Structure formats: C-alpha cells, structure tokens
Amino acid sequence: MKKILFAIGVLALGQAAAQTSYVSNNASSKTATITVNAGEGGGNGGLNFNGADHGKKGFVIPAGWTVKMVFKNVGTMPHSAAVTKGKTPPTSITVKDAAFAKAYTSKLVEGLAGGSAAETVTFKVGKAGTYNLVCGVPGHGLGGQYLGFVVSDSAKIASFK
27 MKKILFAIGV
37 LALGQAAAQT
47 SYVSNNASSK
57 TATITVNAGE
67 GGGNGGLNFN
77 GADHGKKGFV
87 IPAGWTVKMV
97 FKNVGTMPHS
107 AAVTKGKTPP
117 TSITVKDAAF
127 AKAYTSKLVE
137 GLAGGSAAET
147 VTFKVGKAGT
157 YNLVCGVPGH
167 GLGGQYLGFV
177 VSDSAKIASF
187 K
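Position in the sequence shown (from 1) plus 26 gives the number in the working numbering.
Treat the hints as calculated values from the structure; they're not laboratory data.
It is possible that some hints are incorrect.
Taking lysine to any residue and the SDA-like style, the derived pairs with C-alpha atoms no more than 25 Å apart in a straight line are [unchecked claim]: (1) K133 - S178; (2) K128 - T156; (3) K83 - S118; (4) K83 - L134; (5) K83 - M103; (6) K187 - T61; (7) K111 - F126; (8) K153 - D123; (9) K128 - K187; (10) K153 - G69; (11) K56 - G71; (12) K153 - T92; (13) K122 - T148; (14) K187 - V96; (15) K133 - T117; (16) K133 - N52; (17) K187 - G71; (18) K83 - A124; (19) K122 - G71; (20) K133 - S55; (21) K82 - T156; (22) K98 - A143; (23) K111 - G141; (24) K98 - A124.
It should be emphasised that the depicted structure is a prediction, and the values quoted were computed from it without experimental measurement.
Go ahead and model the full structure; you've got the sequences and the hints to work with.
As structure tokens, then:
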C-alpha cells in the first residue's frame, strides 16, 4: 500500500512540474515575457497556440508595457504569429496588419518550420483594447489558430487565461 501511495505521489509531482507558465513579469521595468508555443499538442489539428484555439484563451498585458514574445514552433507544420487589431482575426495577414510595431515573427506568411529554434520579438503595446495573436500562415487563422490579446488599463501584471 505504501508503494502505491508513493507512486501516486511521484506521478502527481511529475504532472505539476510538467505544467507550463506562459508569462513572466518584471513590474519594475514594465516588461512581460510571454511564451507562445505553436502546435502544442494535438488540439485543433495542430492549429493552436499553447494548446488553445479559436480565441478560447489569451494574454492580458498592462497598457504601455514592453512585451518579449518567445515564439517556438513545437508542431510539425510551419507557423508564425502576429498581434493584429480587432476582435476577430483578419482573413490574411501581412506585417502592415500588426497592431504594434514589430509585433510579429519573421517569415510571417511562410511560417517557421516545426522544431526550429525559438525566436524572440520585442514590442511595446499601446492603448488599451482587444486584439488577437494570430498565425500568419494562410488558412491557419481562419482555421482557428488565434488567441485573445487584451491590452488593459487596469491590469497590474501580464497573465494568460
């Protein structure tokens, strides 16, 4: 019985350690580091960020903060990411659609290959509003590969919910 309880405890600790935090905050420098894993798990056929799709989850960032977005394609197909304006993702994306200067990954349309090295892009968010974090590869955003991205006047730290 003790061995079974010990094994259950070890499994529970392993699962807790496996959970990922997608946000770290530095309130003194007003900087949020967000992790965006494209194709994480099999959700939505791989068209997801951090396992979420169709805007079911998203980031909340305090207005005026700097964001360091660490983008990693952990899936098998090419992916990219851009923060775009509006409550719904655009049907196609170019760098001109970015809500904030430099708020997009390289190879926006063709995407970064699965398993490629992480890419970090840094940008400053502007005024409060509702935006989206969308994959720029044609058809991926329409297929549901987007998260919410809210810039908030009332948030004290960044979060992922």
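A quick look at each hint next to the structure:
1. K133 - S178: Between K133 and S178 the Cα gap is close to 29 Å, so the pair fails against 25 Å, i.e. violated.
2. K128 - T156: 18 Å, holds
3. K83 - S118: Given that 25 Å is the threshold and the Cα spacing comes to 21 Å, the pair holds.
4. K83 - L134: 22 Å, holds
5. K83 - M103: 22 Å, holds
6. K187 - T61: Satisfied, since the Cα-Cα distance of roughly 13 Å is no more than 25 Å.
7. K111 - F126: This hinted pair holds, its Cα atoms lying about 9 Å apart.
8. K153 - D123: 16 Å, holds
9. K128 - K187: Judged against 25 Å, a Cα distance of about 24 Å means the pair holds.
10. K153 - G69: 32 Å, violated
11. K56 - G71: 35 Å, violated
12. K153 - T92: 12 Å, holds
13. K122 - T148: Holds. K122 to T148 sits at ~17 Å (cutoff 25 Å).
14. K187 - V96: 17 Å, holds
15. K133 - T117: OK: K133 and T117 at ~17 Å, within 25 Å.
16. K133 - N52: 29 Å, violated
17. K187 - G71: The given pair, whose Cα atoms are some 21 Å apart, holds under the 25 Å limit.
18. K83 - A124: Answer holds: K83 to A124 is near 20 Å, not above 25 Å.
19. K122 - G71: The given pair, whose Cα atoms are some 28 Å apart, is violated under the 25 Å limit.
20. K133 - S55: Given that 25 Å is the threshold and the Cα spacing comes to 29 Å, the pair is violated.
21. K82 - T156: Distance ~14 Å between K82 and T156 Cα, so the pair holds.
22. K98 - A143: 7 Å, holds
23. K111 - G141: Violated: K111 and G141 sit about 28 Å apart, past 25 Å.
24. K98 - A124: 19 Å, holds
Violated hints for the displayed structure, listed by number in ascending order: 1, 10, 11, 16, 19, 20 and 23.
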